[in-house]
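Colleague: Each chain, letter by letter, is given below.
Number of protein chains: 2
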Amino acid sequence: MNWEDNVRKVVPYTPGEQPKDKVIKLNTNENPYPPAPKVRDILNNFDISDMRKYPPPDADVLVNAIAERYNVKPERIFVGVGSDDVISMAFMTFFNSEKPILFPDITYSFYDVWADVYRIPYQTKPLTADFRINPDDYKCENGGIIFPNPNAPTGVLESVDMIEDIVKSNPDSVVMIDEAYIDFGGKSCLELTEKYENLLVIQTFSKSRSMAGMRIGFATGNEKLIKYMNDVKFSVNSYTMNILTQICGAEAVKDEKYFTDTVNKIINTRERSKIKLKELGFEFPDSMSNFIFARPLKKPAQYVFEELKKRKIFVRYWNKPIIKDYLRITVGTDEEMNTLFDALEAILNG
Amino acid sequence: MNWEDNVRKVVPYTPGEQPKDKVIKLNTNENPYPPAPKVRDILNNFDISDMRKYPPPDADVLVNAIAERYNVKPERIFVGVGSDDVISMAFMTFFNSEKPILFPDITYSFYDVWADVYRIPYQTKPLTADFRINPDDYKCENGGIIFPNPNAPTGVLESVDMIEDIVKSNPDSVVMIDEAYIDFGGKSCLELTEKYENLLVIQTFSKSRSMAGMRIGFATGNEKLIKYMNDVKFSVNSYTMNILTQICGAEAVKDEKYFTDTVNKIINTRERSKIKLKELGFEFPDSMSNFIFARPLKKPAQYVFEELKKRKIFVRYWNKPIIKDYLRITVGTDEEMNTLFDALEAILNG
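Chains as they are written, first to last, in the working numbering: chain A, 1 to 350; chain B, 1 to 350.
The set of hints was computed from the structure by calculation and includes no laboratory data. As the structure is a computational prediction, the values presented were derived from the model and not from experiment. Some hints here could point you the wrong way.
As the list claims (entries may be wrong) - Quick list of in silico lysine-lysine cross-link-like pairs, DSSO-like style, CA-CA up to 30 Å:
| no. | chain 1 | residue 1 | chain 2 | residue 2 |
| --- | --- | --- | --- | --- |
| 1 | A | 254 | B | 22 |
| 2 | A | 9 | B | 139 |
| 3 | A | 139 | A | 309 |
| 4 | A | 309 | B | 139 |
| 5 | A | 53 | B | 22 |
| 6 | A | 53 | B | 254 |
| 7 | B | 254 | A | 20 |
To be verified - Where chain A lies over chain B, by a calculated footprint (3+ residues, C-beta under 8 Å):
| no. | stretch |
| --- | --- |
| 8 | 52-60 |
| 9 | 85-97 |
| 10 | 114-126 |
| 11 | 231-239 |
| 12 | 242-253 |
| 13 | 282-288 |
Note that the Cβ used here is the ideal one computed from N, Cα and C, for glycine as well.
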């Protein structure tokens with residue numbers, strides 16, 4: 001035997017490409033607009049000698065700003081280094097049953113990765129033919145439940161009532177709703193956390209708040225859930241969020257007008273893009289997120305993906321069962337989308 | 001049963017106090033000097049619209065800067081969100097044996113916390129009466145080995161030869177040396193990583209580089225070790241280090257002159273402080289770190305700790321066996337130390 005026998009061996013998640021050249025990047029669901037302008041002032045006024053001190057371990061400035069914005073007590077907010085950190089910590093904290101956790105077969109591709117790394121048994125439930133979640137699939141014995149709403153990479157939104165039905169049916173499991181894309185027209189189930197102590201709702205600053213580069217995610221739940229998560233977090237790393245991220249994030253969440261304007265611009269571009277994509281011969285489930293999961297009817301998806309790449313336009317493609325005929329296209333600026341549509345016109349009808 | 005039955009319940013680590021008032025803070029081994037001055041330029045020149053994009057997941061700018069400074073290939077460097085993140089990830093990656101991992105009874109108080117949260121069996125080995133590590137204690141069957149060098153909270157340095165002896169005797173285990181404090185006069189065992197594939201050396205920007213607030217740690221080892229750690233890291237969270245930390249850290253590590261000057265100032269203050277503490281009636285093991293682990297002979301340590309706190313001077317005290325007669329005093333500026341010595345004079349001899 002040797003030291004390699006005791007290594008945790010995993011197949012890591014492959015993130016979307018981050019090309020360094022100048023390209024049109026519609027492949028990782030980033031926001032095309034900058035974050036709230038006052039974030040610049042935070043950087044200007046920051047005294048770099050404050051870097052020498054450990055950051056507040058409870059990230060209180062950021063937690064309080066989020067709590068105020070969402071009108072909940074700070075004790076009901078957990079913050080982490082992106083929603084990936086929040087969800088991964090939640091898996092570790094809450095998914096310790098011998099029973100399998102449940103999530104859809106078509107969903108965010110990190111859930112099975114976390115389950116593998118933490119050795120959590122899991123079982124996937126197929127979406128319906130039109131990419132909907134069937135709540136009855138989530139009423140069997142399980143060790144926990146997670147899905148995004150709107151779902152990824154489909155963009156399909158489920159109702160708060162349907163989520164309540166699942167949460168209510170599973171008092172013995174923690175149900176996590178990953179609302180990374182909820183701000184683009186969906187209704188959050190955050191208020192259900194007042195009523196159900198087994199519900200954790202996760203959101204992120206990476207999409208609607210244009211801060212993917214800063215790494216901020218948060219979870220809302222009842223105080224007990226949040227306390228358990230903080231206990232685990234403080235056992236792994238007390239100081240996960242650096243000081244600049246804490247204060248930039250707190251500033252960003254205060255600018256409600258900029259947030260609403262930015263989100264509305266993206267929603268308008270998305271709706272215009274739906275019309276245009278239909279004209280170009282795509283079909284897609286209706287999206288309530290900042291991306292469209294669209295299937296080109298005239299040419300194979302992989303071919304379109306590669307042709308777009310040649311033209312320096314990046315979208316996301318997975319060569320996997322069920323979804324291999326689709327492209328996930330992030331909603332960029334109107335100008336970026338026009339360039340995309342011109343390219344698609346040439347590729348599909350040229 | 002209910003959802004709480006499957007919660008991972010842990011006793012979290014308690015970090016040193018981070019008082020918000022103006023105090024003399026000698027309790028968390030922070031550097032009293034600001035980080036390299038050019039870090040200010042990085043913030044001034046940063047385009048906040050770059051926050052909207054995900055950061056490079058491999059943190060290549062920072063990895064390359066560290067690799068260049070330490071003259072190793074980038075494939076041999078792993079970076080994380082502080083050395084806590086690096087070590088916690090290393091525990092998860094390498095400590096998967098049924099046999100206990102080994103570390104000293106008096107050491108960094110996070111090792112048993114990580115072992116507990118990851119359910120890794122462990123066994124502690126007593127330090128000698130003068131706080132030394134006995135290498136023979138680490139030559140039994142084990143699932144891995146970790147200790148800091150210099151050790152915390154004692155500040156005692158062990159030799160590279162002694163570490164080589166332990167690494168050579170344990171080809172079936174990964175040996176981790178936590179060199180958080182090595183830059184304050186110790187000799188790193190980093191070059192042993194060329195020779196032994198089971199050795200991982202961990203360092204941090206939090207102490208000698210004045211960047212605790214930014215959260216940067218790194219590990220050096222052979223390419224295989226680093227690859228395994230990256231696989232696990234990418235399975236937990238692909239984007240852990242935000243963009244500002246990556247570029248500020250890369251800039252900081254380039255300024256070798258500032259680094260040397262700062263470290264030398266701290267070493268000079270430490271040596272002067274040793275003389276002064278002896279005069280004041282303290283005894284302590286010789287420290288090669290940025291703190292002194294000192295035992296007041298005239299009054300109980302806890303009393304001195306509390307009296308200092310009343311005077312708004314924070315040092316660290318643990319009410320635990322063996323070390324309950326000691327205070328861990330971070331080396332601050334000369335001015336801060338003078339204030340401390342005046343207060344100690346009043347408390348001990350007043």
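Colleague: Take the hints in turn and mark each one as holding or not.
Modeller: So, going through the hints one by one against the coordinates:
no.	hint	result
1	A/254 x B/22	27 Å, holds
2	A/9 x B/139	26 Å, holds
3	A/139 x A/309	43 Å, violated
4	A/309 x B/139	56 Å, violated
5	A/53 x B/22	13 Å, holds
6	A/53 x B/254	21 Å, holds
7	B/254 x A/20	23 Å, holds
8	52-60	holds (count 6)
9	85-97	holds (count 8)
10	114-126	holds (count 3)
11	231-239	holds (count 9)
12	242-253	holds (count 5)
13	282-288	violated (count 0)
Checked against the numbered hints above, the structure breaks hints 3, 4, 13 and satisfies the rest.
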